[in-house]
Amino acid sequence: MGCGSSFPDRGSRHMGRPHPEDGGGHDARNIRVKLVLLGDSGVGKSCIVLRFVRGQFDATSKVTVGASFLSQTIALQDSTTVKFEIWDTAGQERYAALAPLYYRGAAVAVIVYDITSPESFSKAQYWVKELQKHGSPDIVMALVGNKADLQEKREVAVQDGTEYAEKNGMFFIETSAKTADNINELFEEIAKRLPRPSDIVDYATSKLPPDVLAA
Amino acid sequence: MSETSSSAHDPEPPIRLNLPPLSPSLFDAEPSELQQPNGSAVRHSSDPSSPTSSGYAGERGSSTATTVSQVEDILHNEIQEITIHDPQPLSHSSWLPGKRHSDEDDASISWRRRKKHFFVLSHSGKPIYSRYGDEHKLAGFSATLQAIISFVENGGDNVKLVRAGKHQVVFLVKGPIYLVCISCTEEPYESLRGQLELIHGQIIVILTKSVNRCFEKNPKFDMTPLLGGTELLFSSLVHSFSWNPATFLHAYTCLPLAYATRQAAGAILQDSADSGVLFAILMCRHKVISLVGAQKASLHPDDMLLLANFVMSSETSEAFSPVCLPRYNALAFLYAYIHFFDDDTYLMLLTTSSDAFYHLKDCRISIENVLLKSNVLSEAQRSLIDGGMRVEDLPPLPHSGSSHLGQHRLPSDSPERLREPDCGIGGAAGLWHFIYRSIYLDQYISSEFSSPINTPKQQKRLYRAYQKLFASMHDKGLGPHKTQFRKDENYVLLCWVTPDFELYAAFDPLADKALAIKTCNRVCQWVKDVENEIFLLGASPFSW
Ligand SMILES: Nc1nc2c(ncn2[C@@H]2O[C@H](COP(=O)(O)OP(=O)(O)O)[C@@H](O)[C@H]2O)c(=O)[nH]1
Ligand SMILES: [Mg+2]
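For the record, the sequence lines run as chains A and B. Our numbering puts the first residue of the first sequence at 1, with every later residue one more than the last. Our numbering puts the first residue of the second sequence at 1001, with every later residue one more than the last.
If you're looking for bench data, these hints aren't it; they were derived computationally from the structure. Just so you know, not all the hints are guaranteed correct.
[Claimed, not checked] Facing chain A, a subset of chain B residues (Cβ under 8 Å, in silico):
hint, residue
1, Asn1212
2, Thr1230
3, Glu1318
[Said to hold, decoys possible] To give an idea of the chain A side of the interface with chain B (calculated C-beta under 7 Å), a few residues:
hint, residue
4, Val63
5, Val65
6, Ser68
7, Arg94
8, Lys129
[Stated by the list, open to error] Below, computed lysine-lysine pairings styled on DSS-like, alpha-carbon distance capped at 27 Å:
hint, chain 1, residue 1, chain 2, residue 2
9, B, Lys1287, B, Lys1166
10, B, Lys1513, B, Lys1460
11, A, Lys129, A, Lys167
12, B, Lys1166, B, Lys1115
13, B, Lys1166, B, Lys1116
14, B, Lys1460, B, Lys1166
15, A, Lys62, B, Lys1513
16, A, Lys62, B, Lys1160
17, A, Lys178, A, Lys192
18, B, Lys1166, B, Lys1457
19, A, Lys62, A, Lys178
20, B, Lys1209, A, Lys62
21, B, Lys1209, A, Lys83
22, A, Lys62, B, Lys1116
23, B, Lys1361, B, Lys1373
24, B, Lys1160, B, Lys1460
25, A, Lys62, B, Lys1287
26, A, Lys62, B, Lys1115
27, B, Lys1160, B, Lys1115
28, A, Lys153, A, Lys192
29, B, Lys1457, B, Lys1116
30, A, Lys83, A, Lys153
31, B, Lys1460, A, Lys62
32, B, Lys1174, B, Lys1115
Ideal Cβ positions, reconstructed from N, Cα and C, are used throughout, including at glycine.
Model the full structure from these sequences, guided by the hints.
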């Protein structure tokens, strides 16, 4: 693949400097996209995002409150840049009624399960259905089997993931946030599948800014 | 030992920080303290039947809970059957030995050796939270606790405190949720109960009180999935019981900052409050830089504590989350926009609107610009490094002109720097530490820890001692002015409570009483001199 060196955007908590994120130049080569991560608690959503955004893995992960908002920009080989605005959600059991708050208007949904947990795979399927019903019609969905480093504990076959993804028109990949395996590939692949500015549908509501902006 | 008494002073006019000088006569009017040979103190409670008369004893002193029958303690010697005798007055309650638990997990030695356990369970006995161990495996134990609670409830009285040997078991019933603390730390009942209240509050922060309705529909409702992934919030809250005085003072503390710096932060927060934000709070770790509330909205210090714990236990640089403030409205969610400017300093913007994220993000960007222009963030970092008030810097009393924090710190040979010749460490007259709580402001200031109280263990011990003082000073039925002078092998503790403020001070155990009292007056004067920098003025929740 070889595309995309990613560079940190708001990786760590640094001394505040203004983020010129609104009103920055958006053109066909600079895409901004809202991405939401969904899946059972404990499957590794936060670890995937932190690996992608900060290049780190911290096994003693902290709580995700509501939803954490992070962003990361990657450059594709065709020199397009894609800025991901990522909602890392938590506690969907708790805040089930609030989930649409985070996935509404999302252009991309990454649905994560843990390959050692069949329950998390069923939960992933629940999220796929939920998004098919209530998500943006053109949403790009990716199914991610995480913790691929735990091969000896695997309980969900690769085949199961592949088949389910195919049936639902999703992109499928197995990742390990721990070893960084396939993490960048996941986001690069998503970036490639995004509708390009020429064929963008604006599904923003009046209250939210457009999720994919182009000049 | 220690006596609590009221003095018949005329009430002071309610002027902020107006100090009636603390005089030795205030203490001399009281019976002098009794010092037990073993160094522990015996308390003559003004209300001997009070269920709260746990008494004060040095950490290693003998227990004064002599009303308790010495039953086998439930953690080290398994209990077989539990009978509650004479549940009222509560301090007479006791547990009798009973049937042995067969459950392996609550029988495990390490589990039993912990000094303090917290449990949360549902009224049907389903475990919700346990400080140590997997709460699911403790189902047998939860059922036991639940049986006790039912027993007492059926007797028409809620069980609140049971003593078993050196253990206290404190119960708090919150609708269908039962909270239990088992402790051998000798903390007073009020403190432990307050801790259970905070744990319950943290549950409300996450779920709101409407979670109770789940139990109405299904008494056997399992709450653990709803709390999934939040263990860290509770463990950090429980940890804060031993280091954060806000947990028993019910007041918040501010990051020391120049008045103009705090004003600049307040002004920009006010702008966001005017644009529909309910509360705008800028904090540095657990200390407030500034906070602003919309018209009539008031924020309770306990809510701030729980909110800060919620945010600081989470991994985020920017987040948006439903959150409930139990003292503000326990039934409804608010929405919190959270942004960390650096590792320590963060902004919380609370609204009632669930789709305000982008609006709040814009608010934050303009707030951030102002904070950067007025150097608030760098000043906050500097304050973190510099610290706040140090007992070594206590200025002498005959003191004129304005004073600034740290003014007395720099030149150690400064003529202003007064040190009593006979105490090598700490501040004047052997002053080791103090906490000043302004009742009017809902805020407190705690001096920095310095030698000889410089290990976490010593700090925890001092906080526990303050906690006991606080509990005994807040016993009901005492007049407006109260003083207390306590001596044990660890410290001389001096406490002074007026309608405007409370001062808790710890001295070298060999400190001279008259000098210590004089020093307390100096501390109060010092706090008054630097109040602009250590308190957030004009933001009292009750004046909004
Ligand atoms: N072995 C392994 N553990 C992982 C991986 N990703 C996450 N974890 C662990 O799984 C737990 C939950 O991760 P977290 O990112 O908090 O899950 P979330 O609730 O979905 O956000 C943590 O203890 C991580 O250390 C992975 O790729 N491999
Ligand atoms: Mg997470």
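Report the numbers of all earlier hints that the structure fails to satisfy, in ascending order. 1, 8, 9, 15, 16, 21, 28, 30
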